[in-house]
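Student: Spelled out, the chains give:
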Amino acid sequence: MSQFLQVLLSGLATGAVYALVAIGFTLVWQAAQTVNFAQGEFVMVPAFFVLIGMHWLGLSFWISLLFGLVVSIVLLGLVFKKLIVEPILPHGGITLIIATMALGILLKESAKEFYGAEAQPFPALFPGDPINLFGAAVSLRDLLNLGISLGVVVLLTLFLNRTRTGRCMQATAQNPGVAEILGVDVKRMVLYTFLINAALAALASFLITPVYLAKFSNGETLGLIAFIAAIVGGFNQIRGALVGGLLIGVLDNLTATYVTAQYRAALPLVLLIAIILVRPQGLVGTSEGRAV
Amino acid sequence: MKRHRNRFSVDWEDKVGRSKNYSGLLLAALIALPVGSVSAQTANTVKLGMVGELSGAGAPSGTNWRDGARLAVTEVNAAGGILGKKVEMPEYDTQTDPQVSRALVQKAIDEGVVAIIGTVYSGSTLVNMLVAKQNSIPQFVGSEAPTIVERGNPFVYRTSSGAQKGVPALTPYFKDTLKAKKVGVAWVNNEFGRGGRNVFIAEMKKAGIDVIIDVPSEQAQTDYAADVAKLKSANPDAVFVYMNQEESARFLIEAKKQTLPMPLVGEVTLTEAKVIELAGPAAEGAIAHVGVTATATEVPGIAAFAKSFEETFKRKPTHDAIKGYVGVWSTKYVMDMVGKTDGEAFSKKMKGLCLKVADHPKILLDTCWDDRGEMSRPSFMVQVKGGSPVVIGAVPAN
Amino acid sequence: MSDPAMSEPVLSVRNVEKSFGGIRAVRGVSFDVRKGEVLGLIGPNGSGKSTLFNCILGQLPPDAGEVSVNGRKVSGMRASQMNRLGVGRTFQQLSVFPKMTVLDNIILAGQEHQGTMLSRLFGPADAGLTEEAERLIAFFRLTHLRDELAGSLSYGQQKLVDAAMAFMAGPGLVLLDEPAGGVNLTMLAHFKERLAAYNVEHGTTFVVIEHNMEFVMSLCTRIIVLAEGAVIAEGTPDEIRSNQTVIDAYLGG
Amino acid sequence: MRGLSLHRSWRLLLIVALLAAAILLPLGQKNYFIYVLTSWLIFTIAAMGLNLTLGYAGQISLAQASFMALGAYTTALMTLAGWHWLVSLPVGLTLCFVVGLVLGYPALRVKGHFLAFVTLAFNTLVFLVLRNEEWLTGGTYGLSGMPRPEFGSFSTDKQLPFYYFTLGVTVLAALGLWAIVRSPWGRAFKALRENPIRAESLGVDTRRFTLLAFAIGSAYGGLAGALVTPLVQFIEPGSFGLAHSLRILLMVVVGGAGYFFGPFIGAAVVILLPEVLRFTEGYYLIIYSALVIVMLVFVPSGLIGIFGKLRARFWPRRQVRADMAEGARLP
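Chains as they are written, first to last, in our numbering: chain A, 1 to 292; chain B, 1 to 398; chain C, 1 to 253; chain D, 1 to 331.
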């Protein structure tokens with residue numbers, strides 16, 4: 001029982017991070033029909049910005065975090081949108097997919113060349129000391145990861161539904177043409193989603209890197225898993241990304257524990273194929289919207 | 001009808017046509033390439049080909065291997081080179097791709113190298129050693145998979161003991177020191193991990209110890225909760241951990257979190273400086289059998305190596321760095337002994353060769369190669385205490 | 001033109017019903033179209049003509065009633081099957097293959113009616129259709145554009161290519177979905193004249209759904225007016241023009 | 001008309017010249033160079049297949065390397081069991097064709113990025129099976145010692161004969177693909193890419209052609225794999241991972257998707273660029289990926305597209321013929 005609980009709780013904590021990354025995916029997809037194959041690298045890179053702040057610029061850890069966040073928002077949000085998405089999107093979706101794949105390689109190789117191929121330790125935001133919860137070891141870090149992800153979903157949902165800017169962003173996502181006519185600054189709204197995506201990726205980066213360690217290749221599986229989470233949950237719903245992320249995190253651990261460790265990597269993939277074929281709108285998604 | 005078909009195919013033919021000039025350019029490039037790449041192999045230099053995993057998944061190992069080798073080349077040149085000639089070491093990046101590595105070993109040989117230094121990943125070495133063999137070029141490899149020396153290749157030599165030598169050295173530790181009755185094994189599911197795991201299971205069987213739990217994990221896996229939870233509930237007397245660096249660190253972090261009570265014993269990697277740096281306090285108490293370790297500073301050669309490596313590259317050397325270093329120095333020693341760069345003579349000399357630190361200080365520890373290229377030398381048992389690895393016992397060469 | 005009353009119906013619509021949620025988009029519509037007729041289907045916005053059109057195309061299964069072409073039920077039939085049954089269609093939006101030449105566009109429209117899958121792989125590249133395609137291109141006076149990429153043509157020219165594709169397989173029935181939309185006046189006159197000429201030369205049956213009243217009135221031989229999902233009037237263009245119910249529906253609706 | 005046929009003969013001459021160059025180029029060269037040329041040809045075949053699926057039929061696939069794996073493992077297992085390469089080839093191709101058909105099914109339901117991810121998932125699943133089913137595939141250690149084929153007295157054991165053997169296979173494969181893309185099937189594939197709904201309404205069975213696009217493209221992947229086995233004489237799962245599928249995809253895109261000769265150029269660039277950029281040491285992947293992004297921004301149609309643009313600028317495609325322009329011209 002304690003083993004089950006252990007695996008379940010750890011899965012939830014990991015899944016919460018997947019969810020953060022998946023939410024960014026969802027937002028950018030809705031606003032700009034952009035599927036970012038470099039999303040995993042977007043999570044890998046901010047940790048390196050922080051390390052640059054600490055080791056090269058000599059800033060303190062918390063200032064470096066702020067530095068990392070700002071640089072991420074500028075480079076992975078603004079620059080990404082202006083320099084890559086905007087010029088390539090008119091050439092078609094497949095072209096953009098390939099461009100973001102190339103971007104992924106670019107980020108990965110740059111991190112490696114400029115910061116070394118070896119993993120780097122990354123200071124913890126929260127203590128990782130275990131707390132015993134009914135026989136399962138849970139760290140404060142796990143609980144905070146979970147809490148922060150849930151908090152982000154709640155805040156984002158409130159922002160999108162309760163504020164004027166949020167509603168403009170929603171209108172843009174649903175129908176940019178109509179939104180434009182209604183006087184919404186569509187371009188600005190789309191830009192906001194890219195900035196939010198970059199901020200979420202940076203947040204996810206800061207949360208996971210203490211455990212995953214800063215390494216150039218960290219994004220490889222993370223981006224894929226986050227995308228799977230987004231699809232499984234439902235691509236046109238923020239809460240879908242949350243459900244998908246948590247589900248994948250838990251199922252991955254359960255499979256490895258009780259079914260097969262050799263094929264644990266297969267489970268999310270099989271789930272992805274099944275969902276796409278049977279219920280492309282995702283578990284909690286609605287069939288309307290642009291996802292299908 | 002014919003006329004129409006001609007006209008109809010205009011669009012497509014256009015595309016055919018468009019490609020022409022480019023093909024021409026490429027052709028020119030193709031022809032120009034080999035000409036440019038045959039650099040001057042003057043009589044005054046000896047070329048060693050460093051073929052390694054400089055990018056891709058193997059980059060952490062490959063770059064250390066290269067830096068160790070680079071350091072050795074600098075030292076060798078300072079000491080008069082090989083056969084009195086200056087040593088050059090062109091570098092070839094395999095991108096951690098066995099097929100590319102094979103091509104690059106071929107390329108290095110085409111460009112006139114007299115020995116290959118690399119590769120580290122066994123998957124690559126298994127492929128590219130065929131090429132070195134065909135060309136009778138000696139090759140020092142950093143790979144530890146048992147199969148490498150089992151293929152009857154007289155030109156391949158290890159720079160560290162293979163898993164089938166290193167892992168059995170642990171058996172007395174499990175049996176006599178830990179007095180384990182039942183053990184578990186956690187390993188990374190690639191050719192490196194599987195090799196060590198297979199040897200371990202066979203060894204435990206011979207020693208009459210039950211392997212009650214067998215936990216494979218993925219390369220680059222990040223979440224070890226399930227792995228550790230499984231080990232915890234199976235509750236063996238000790239766990240053998242056989243993974244690459246970051247994986248080892250992540251495993252140790254999770255093991256500490258779930259307070260895995262039994263000793264964690266590894267081969268080489270588990271107590272490396274990098275792992276300790278990454279895992280922090282979670283590495284405390286981890287035990288490993290280490291062929292040659294940069295932390296065995298009571299050995300004077302190793303202390304000197306570690307010092308100058310850190311000065312040159314601003315970081316601590318890893319096990320792979322020592323291997324690359326030993327590979328280059330071994331090449332120098334043996335070639336100087338043979339008196340020429342001939343591969344066949346080199347191969348003959350290597351059979352059963354023993355190099356003593358007294359005569360050849362840069363070999364770091366007394367080292368012997370058997371007639372298959374397997375190496376043996378004294379080794380250590382090491383435990384992490386107070387944040388750094390401490391030698392807790394010596395293991396004689398086997 | 002043959003006498004419509006004498007032949008079997010090419011298209012038969014029988015008591016078709018279709019609802020979306022609680023809204024009855026089409027309410028028991030019935031009519032026949034006979035060989036050689038040019039039938040116009042008109043109605044104000046929301047009259048259900050698009051829904052009905054999709055039922056006729058087999059894209060929407062009716063809730064009740066049935067649509068048959070040459071005596072065969074079309075509901076649930078795939079578009080390619082409909083096409084092989086001898087039904088051509090045009091699209092409201094531009095629907096050519098932009099990166100293929102005009103000639104290729106037209107040949108494509110006929111090739112699937114030639115031989116078998118295998119003979120299309122191993123046979124001639126043009127499936128023996130170049131001359132026929134050129135005749136059709138000449139008919140629409142596009143010969144000078146034959147080797148241009150269809151995507152580089154003007155809007156009106158692309159509409160002509162779209163129509164030519166619908167005719168390529170020699171269909172008995174062609175469904176034209178708002179052919180006049182977005183086409184300038186000069187081009188429209190040419191387009192209408194060519195459609196009428198094709199109808200006369202080949203006896204092909206047309207069903208036209210269109211907003212442009214003048215276009216419908218001058219092209220069609222018979223017109224059906226839909227309002228709120230039901231047929232409110234049917235007759236020749238002249239009859240429709242003077243029908244008070246129709247006038248009320250348009251002005252009131 | 002005269003001008004056109006002149007073009008045609010020029011093109012024919014160029015093709016013959018290129019082929020002659022391909023035959024003469026490796027003579028007197030070192031093994032490495034011949035090896036690179038051979039792998040260029042093999043990747044060209046794999047990219048040709050993906051070019052059919054993606055470039056002509058518009059269906060994205062990130063699984064081409066897994067079909068290379070199917071072809072390579074089939075060939076390896078059969079040749080190791082003593083069968084001739086020529087016997088193993090049709091088995092491998094058929095297997096790839098059938099599995100390709102199956103992989104095509106998701107494409108009937110989803111497009112674009114969804115399809116990209118389904119095929120990506122498939123590639124990873126194949127990798128896991130190859131790695132885990134040790135009894136059949138040799139697991140992470142792979143299979144080695146596969147013999148190179150002999151045809152009577154023509155042995156491909158040496159690098160140069162193997163190159164000619166591969167060149168022969170490549171030429172046949174190219175001819176086969178050429179026959180497909182110039183046939184009505186090729187037109188149907190392009191129609192599927194350009195406007196599937198319109199194609200369907202014109203009688204094109206788009207479902208069948210979608211599946212065929214995958215199946216034929218996959219069979220080409222299998223053919224490439226069947227050549228990798230005797231070339232490298234060692235195969236392991238890592239050689240057919242996702243990164244390799246991406247690499248083949250880049251070849252298609254860089255060369256020019258939907259252009260017949262795109263894959264030849266794309267494969268040459270992807271394989272040779274590391275050589276050309278070697279002076280940049282570790283930076284070549286950075287430079288390479290940056291170049292790809294820049295290319296996609298400015299010339300999304302690939303390198304052939306660059307040439308097309310230049311050509312259109314300096315040598316207009318076709319003069320408007322006054323006699324035709326008159327009369328039928330619509331305002």
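Just so you know, these hints were derived from the structure itself, not from any lab. Even for Gly, the Cβ is constructed at its ideal location relative to N, Cα and C. Treat each hint with caution, since some may be false.
[As the list claims (entries may be wrong)] Restricting the straight-line Cα-Cα distance to at most 27 Å, the calculated cross-link-like pairs of lysine-lysine (BS3-like) are:
| hint | chain 1 | residue 1 | chain 2 | residue 2 |
| --- | --- | --- | --- | --- |
| 1 | B | K47 | D | K158 |
| 2 | B | K85 | B | K351 |
| 3 | B | K133 | B | K205 |
| 4 | D | K111 | B | K133 |
| 5 | D | K158 | B | K133 |
| 6 | B | K385 | B | K86 |
| 7 | D | K30 | A | K82 |
| 8 | A | K82 | D | K158 |
| 9 | C | K99 | D | K111 |
| 10 | D | K30 | C | K99 |
| 11 | D | K30 | B | K86 |
| 12 | B | K351 | B | K307 |
| 13 | B | K340 | D | K30 |
| 14 | B | K351 | B | K385 |
| 15 | B | K85 | D | K30 |
| 16 | D | K309 | B | K47 |
[Unchecked claim] Part of the chain B face toward chain D, derived, beta carbon under 7 Å:
| hint | residue |
| --- | --- |
| 17 | T312 |
| 18 | E374 |
| 19 | P378 |
Student: If a hint holds in the structure, say so; if it does not, say that too.
Tutor: Each hint tested on the structure:
Restraint check: the Cα-Cα separation between B:K47 and D:K158 comes to about 26 Å, which is no more than 27 Å; the hinted pair holds. Between B:K85 and B:K351 the alpha-carbon distance is near 25 Å, which keeps this suggested pair within the 27 Å criterion. For the proposed pair B:K133 and B:K205, the alpha carbon gap of about 35 Å is over 27 Å, so the pair is violated. Proposed proximity of D:K111 and B:K133 is contradicted: the alpha carbons are some 49 Å apart, above 27 Å.
In summary, the hint linking D:K158 to B:K133 is supported, as the alpha carbons are separated by about 15 Å, within the 27 Å threshold. For the given pair, B:K385 sits about 43 Å from B:K86 by alpha-carbon distance, which is inconsistent with the 27 Å threshold. At most 27 Å may separate the alpha-carbon atoms for a hinted pair to count; D:K30 and A:K82 exceed this at roughly 47 Å. For the suggested pair A:K82 and D:K158, the alpha carbons sit about 52 Å apart, so the restraint of at most 27 Å is broken.
Between C:K99 and D:K111, the direct Cα distance comes to roughly 20 Å. Compliance with the 27 Å bound is thereby established for this hinted pair. With a C-alpha separation of about 44 Å, the suggested pairing of D:K30 with C:K99 is violated against the 27 Å cut-off. In summary, the hint linking D:K30 to B:K86 is supported, as the alpha carbons are separated by about 25 Å, within the 27 Å threshold. Proximity of B:K351 to B:K307 is assessed by CA-CA distance (about 32 Å); at most 27 Å being required, the pair is judged violated.
Using a Cα cut-off of 27 Å, the hinted pair B:K340 and D:K30 holds, with the two alpha carbons roughly 24 Å apart. Distance restraint check for B:K351 and B:K385: the Cα-Cα separation of roughly 39 Å exceeds the 27 Å cut-off, and the hinted pair is therefore not satisfied. For the hint linking B:K85 to D:K30, the alpha-carbon distance of about 26 Å falls within 27 Å, and the restraint holds. Proximity of D:K309 to B:K47 is assessed by CA-CA distance (about 46 Å); at most 27 Å being required, the pair is judged violated.
The restraint placing B:T312 at the interface with chain D is violated, with a minimum CB-CB distance near 17 Å, outside the 7 Å limit. For B:E374, the shortest C-beta to C-beta distance to chain D is roughly 18 Å, which exceeds 7 Å, and the interface hint is violated. Checking B:P378 against chain D: minimum C-beta separation of about 30 Å lies over 7 Å; hint violated.
Violated hints for the displayed structure, listed by number in ascending order: 3, 4, 6, 7, 8, 10, 12, 14, 16, 17, 18 and 19.
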